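Participant: Below, each chain spelled out in residue letters.
2 protein chains.
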Amino acid sequence: MGKRAVRDALKAGDTWPDPGSSPIGPEQKAKARKKLTAAGERLDELQEALYAEGADGGGRSVLLVLQGMDTSGKGGTVGHVLGLVNPMGVRYAGFKKPTQAERRHHYLWRVRKRLPEPGQIGVFDRSHYEDILVPRIEKLVPATEWRRRYAEINAFEREVAESGTTIVKVFLHISPEEQLRRLRARLTTPSKRWKYSSADLDARSKWDDYQRAYRDVLRRTSTGHAPWYVVPADRKWYRNWAVAKLLTETLAEMAPRFPQPEFDVDTELAKLG
Amino acid sequence: MGKRAVRDALKAGDTWPDPGSSPIGPEQKAKARKKLTAAGERLDELQEALYAEGADGGGRSVLLVLQGMDTSGKGGTVGHVLGLVNPMGVRYAGFKKPTQAERRHHYLWRVRKRLPEPGQIGVFDRSHYEDILVPRIEKLVPATEWRRRYAEINAFEREVAESGTTIVKVFLHISPEEQLRRLRARLTTPSKRWKYSSADLDARSKWDDYQRAYRDVLRRTSTGHAPWYVVPADRKWYRNWAVAKLLTETLAEMAPRFPQPEFDVDTELAKLG
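Sequence lines, in order, name chains F and W.
Note that UniProt numbering has the first sequence beginning at 1, numbered continuously upward.
Note that UniProt numbering has the second sequence beginning at 1, numbered continuously upward.
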């Protein structure tokens, strides 16, 4: 598989792949799982090198932005993909409905505070994109305001990218039928019930509005410095494999290198005795 | 194995177990690995319940403090034990030599900022204990000052515990012989060289001073609300198993419960159609 194969295949374009499809890569669960394990090992190694580079003064990091409808698998992706990397190298940030305190600030204020540190893979579980989607659909601010945010976010992400953070934005694309199955499962499985909120039904009832809003977001904010990818997410094993590959391709291209020692190895070995 | 078996066996006391011993639990690598996998699954489940409780307004969390000489395996423990938990539920904080900015504050300032959030397992890779150990051995502050910190830290940890964070403090106990092997391995393995610093040799040359300082720390700061455990750490598989068990025993005792739904399940299922 080419160095950009998964990124090229899943890059957001005018047409989106079917939520149940495999535009590239494994078509069966067992194979996908094996490949996920291999990708995870590679990801852990690459992140360690990025971290080593960071400890040496290098300032690079990665930011994975996860967006998607309720039940699209943002948390599951964090567990199954980022869970393959040493927690020292992962910075998770979940963005819920802004608190009273957060609302007193600019919407990017809380986002800036949670960017990854050098050497880390940051992951945003929801993000500043909620500040376009929700105000638009819930009519919380005038259209001129949320429309202005496209350019503002592009400028913000350019600044983040220029400061050394490679941004990977993923839309987890599920079908309304699959969401229905997952919402039912949340209700019928006691250990999953806490994840259910009847507010989820409200968002579900606005499915087409959200899809339209997401299309606009991806069209207007997929940039050279911060591209969007559409990951078919009806099948969890495909979703996990695809996100892992998007990250390994990205990190491999960054080619982090373990820093050269500033000491003489033989001298130090001799000192150890 | 009893509910407190590993905690009771490894609790810091007047005599410490040998760094290469198994005071409790598996004595062979293969068995320890299997048990680690099982403990990891349990830990992930328990943390999810703690998280669910947190999402519901519950405020409990866990803080694992890792201390030990260089190469004692703090980073490896994070990778192999905390790596078994969904990264959503883990908050890693590494404490290096304080920066210029940090030094302008009280030594607990940077520590408070990195406490776990509700539902999380926080992990401190080094901690406020460095603020007793290093000043004492390097004679950076008068003895009255670092001695004062025992009581100050006990009070701080009491406050943290009372606000809902269960504290588990682990000293990873290695032998000087094992440290020598690991330092050599760092020097001879290119991908590990970045972890080596010739400052490590300086601390190594003060081995007995550090052991004495650690003994005093553990004696004076092992409290009911924040006990210390001594984990034999010459064998990585034993260390990983032991830390995983200390955490699972602790979380099991906290008995986090998935919150009861505030909605009627059948009504919601009916709405879904």
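Calculated from the structure, these hints are not laboratory results.
Computed from a predicted structure; not experimentally measured.
Warning: the hint list may mix true and false statements.
If several chains are the same, the list does not tell them apart, and a pair holds so long as it fits within one copy or across any two.
20 Å max Cα-Cα, derived SDA-like pairs, lysine to any residue [stated by the list, open to error]:
#  : residue 1 : residue 2
1  : K113      : R42
2  : K3        : R181
3  : K139      : K195
4  : K271      : P190
5  : K113      : T99
6  : K206      : W194
7  : K113      : G94
8  : K271      : S175
9  : K113      : A101
10 : K113      : E102
11 : K96       : A203
12 : K31       : E41
13 : K113      : L218
14 : K35       : S127
15 : K96       : G59
16 : K96       : G224
17 : K139      : A203
18 : K97       : E117
19 : K29       : A252
20 : K3        : A270
21 : K195      : A9
22 : K29       : D125
23 : K96       : A151
24 : K113      : F95
25 : K139      : A155
26 : K113      : R184
Participant: Failing hints, ascending?
Facilitator: Result: hints 1, 2, 3, 6, 13, 14, 16, 19, 20, 21, 22, 23, 25, 26 break, sorted rising.
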